[in-house]
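K.L.:
Chain residues, written in single-letter form:
Protein chains: 2
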Amino acid sequence: MRVCLTVAYDGTNYHGWQIQPNGITIESVLNQALSDLLGETIVVTGASRTDSGVHSLGNVAVFDTNTKIPAEKISFAVNQRLPEDIVVQESKEVAPDFHPRKRDSRKTYEYRILNRKFQDPNRRCNTHFYHYDLDVEQMQTAANHLIGEHDFKSFCSIHTNVDSTVRTIYSLDVKRREDEVVIRITGSGFLYNMVRIIAGTLILAGNGTIAPDGVKDILEKKDRSFAGPTAPAKGLTMIGIKFVI
Amino acid sequence: MRVCLTVAYDGTNYHGWQIQPNGITIESVLNQALSDLLGETIVVTGASRTDSGVHSLGNVAVFDTNTKIPAEKISFAVNQRLPEDIVVQESKEVAPDFHPRKRDSRKTYEYRILNRKFQDPNRRCNTHFYHYDLDVEQMQTAANHLIGEHDFKSFCSIHTNVDSTVRTIYSLDVKRREDEVVIRITGSGFLYNMVRIIAGTLILAGNGTIAPDGVKDILEKKDRSFAGPTAPAKGLTMIGIKFVI
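Chains as they are written, first to last, in my numbering: chain A, 15 to 259; chain B, 15 to 259.
Next up, chain A with everything else stripped away, as it sits in the complex (with noise of 0.2 Å):
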């Protein structure tokens, strides 16, 4: 049968989603950890390659296996083998030919960023920490130049090798939250570095560096030079993805 699992995870301390030569990825730890309670040689397959230090509370990840333990009772075996800043959230059995980067999906990242004084230590991991005051109003109307479909290619890593740049922008939302600023996004899919490239820039209209409209002028020009920064990876967490039927 084929098994979709719910994965979160604290990413700080691993080298993101896909496996690598050098250090240690979240799927291969999930790869022994199910092989080791399976009896089988596992492999998963991630709906969200996410970067080195980027968390997650709802990535998904399906693989195939022969085992007789009922699907939804997976979930909490495979949290006895796994380190405790990986937790498996939900286990089920889905159709044999279900594949998560296949299927036409909304996924929602968020983007935090601590907006105080002085940096607090119990959120050091989860956020980016920025002290200069940033105006959530100006965010906003850069924000929603974004909503939409768009050429992203001003938004994305020149490293990318994609066929198309083009992507849809279902919702877009700067609130603040106490001392934070969180930037909440959906789209059917994002380019990579995207999500940091575009908070990295809001964060510029936040701050009065740009003016909010600038931002239209931005995907305008198709080139990553205009954006701003890449914002860094421990503020973003991958929230949950949905699948369209």
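In case anyone wonders, no lab produced these hints; they're calculated from the structure.
Just to be clear, a hint being listed does not mean it is correct.
For identical chains, the list gives no copy identity; a pair is met inside one copy or between any two copies.
Unchecked claim - Heads up, simulated DSS-like pairs for lysine-lysine below, C-alpha to C-alpha not over 25 Å straight-line:
id, residue 1, residue 2
1, LYS131, LYS256
2, LYS106, LYS131
3, LYS189, LYS230
4, LYS87, LYS131
5, LYS87, LYS106
6, LYS167, LYS116
7, LYS82, LYS131
Starting from the known structure of chain A, fit chain B onto it as the hints suggest.
P.N.:
Using the frame of chain A, we list chain B on its own:
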């Protein structure tokens, strides 16, 4: 001059505030960093001697120094010498006889219970994970019996050695904040383990083990064995202290 610091820390890797023969403490790290910065032996006096694993956003400490560095600049300078899990939030000059434990004050603590089906690895160090249902209304009803001046002998560690176990709780609110249940308590001062025993007891009221009004009886017993267990340190954060003029 006497300088007053507001100190935030992630208590995960410390054996609490107070200097101990075995294990690194917040106090010892602060003394070292301040002594190195100011070129004289500095000994801080803390307002709240938090336990091993307890966090802080606003603990207070004072020390005397001959430095010519303006008091309000010390925060920035000492943060350069502190590890990333301790961050001074403010430094200011106070009266030479100001003693943070001998002055009347209102201390606020927060106890965060992560109340969801599975652990969230991103909050594993700063919340107490508890996956059974909690009835917040029942917890608040129980909490209300503790507000005011009472003998809290039932709610302090049997290892406490104090003249009086009478304390005043000014407010005690239990609120659901998304998937967390947050207990926020303000009092004149707290006995050893008092907030964690209150949290452990309110959890019993929330899961139906004890009737909310049973807390009144527990108070009257003046015996630690009648209250709930001491909730884990990692859920507790010292929020701040207001000194009464």
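K.L.:
Hints numbered earlier in the text: which of these fail when held up against the supplied structure?
P.N.:
none
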